[in-house]
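Trainee: Residue-level listing of the chains:
Number of protein chains: 2
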Amino acid sequence: MMKKITLAVAALAVTGAAFAQQALKPEDAIKYRQSGYAYMSWSMSKIKANLEGTYDKEQVILAANTIAAIANSGMGALYVPGSEKNVKGVKTRVKPEFFTKQQEVGKLALAFNQEANELARVAATGDAAAVKAQFGKVGGTCKACHDDFRIKD
Amino acid sequence: MMKKITLAVAALAVTGAAFAQQALKPEDAIKYRQSGYAYMSWSMSKIKANLEGTYDKEQVILAANTIAAIANSGMGALYVPGSEKNVKGVKTRVKPEFFTKQQEVGKLALAFNQEANELARVAATGDAAAVKAQFGKVGGTCKACHDDFRIKD
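Protein sequences, first through last, are from chains A and B. The working numbering applies: residue -17 is where the first sequence begins, and numbers increase by one. The working numbering applies: residue -17 is where the second sequence begins, and numbers increase by one.
Next up, chain A with everything else stripped away, as it sits in the complex (with noise of 0.2 Å):
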């Protein structure tokens, strides 16, 4: 497991190099992480509904692993510069400080990461009991990072 995080703070750093060089553009950037920030958010509902329905084990290790790769696949690289506003008509919610604070971003990324890792560890085992208590982990990393670095609605 600590590879696997290892690896992938490894892999947001050389990412956001290889990509800064290659010059993503701001507006294909925004809609690249809004798109792996949407498919992860349709599997956590996927979860969700194994845990409030009937429970299927492959479901729910298929959706866990798609958040867990997702997470490990450097979307630190897709905060490039010029992408922390609004551009060319397509819209980001992310504040600035996100931009800035990156200590605190470094944080809240390495958290979520290591809880999505887990919650693909635990969905694994197909305890039911055991993955919810790691899908409530995993969301309140999504909220943490959320309250202090997204726009309210």
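Bear in mind the hints are in silico, worked out from the structure with no lab data behind them. Each hint should be verified, as a subset may be incorrect.
Since the list gives no way to pick out one identical chain from another, each pair is judged satisfied if it fits inside one copy or across any two copies.
[Claimed, not checked] Derived pair list, reagent style EDC-like, types lysine to aspartate or glutamate, alpha-carbon separation capped at 20 Å:
hint	residue 1	residue 2
1	K30	D10
2	K73	D10
3	K114	E40
4	K73	E9
5	K67	E79
6	K77	D10
7	K125	E100
8	K30	E100
9	K67	E9
Mind docking chain B on chain A? Use the hints.
Mentor: Frame of chain A, contents of chain B only:
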């Protein structure tokens, strides 16, 4: 590998049933499936950049794992009735035939799943030449579906 693919196909059926019950809104289904494709597209572009520039094994692994996880996540559930056309301001480029030619779509989806899982397997070896070949195969399965079932720009 076969187990993974079988699971993915099974999950596609299972989640399809589960979500019909939950009545996922067509406009949300379109947004979620587009987010999945967009995030895979970003992941593909990262692998391409690695193949054309400096090859970073870990970045390619994370991107390939993301594509495989999304491919395995049961996107079939996102093609709910009512999502075959633009709805509530949300546009889709899917052709209506996608919803009726189930056998053809199933074949394309299975081919994509197989090649995406194989890409994740090959990426783990760090063999850039093999990744390049397999990357081409994945791209081919994307294109095959786009050619038949996506409305041209």
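Trainee: If a hint holds in the structure, say so; if it doesn't, say that too.
Mentor: So, going through the hints one by one against the coordinates:
1. K30 <-> D10: between (30 Å within a copy, 17 Å between copies)
2. K73 <-> D10: both (11 Å within a copy, 18 Å between copies)
3. K114 <-> E40: within (15 Å within a copy, 31 Å between copies)
4. K73 <-> E9: Answer is both: 8 Å inside a copy and 19 Å across each meet the 20 Å cutoff.
5. K67 <-> E79: within (11 Å within a copy, 39 Å between copies)
6. K77 <-> D10: within (18 Å within a copy, 25 Å between copies)
7. K125 <-> E100: Cα proximity of K125 and E100: one copy only (17 Å, versus 35 Å across).
8. K30 <-> E100: For K30 and E100, only the intra-copy Cα distance (16 Å) is at most 20 Å; the inter-copy one is 30 Å.
9. K67 <-> E9: Cα proximity of K67 and E9: one copy only (9 Å, versus 26 Å across).
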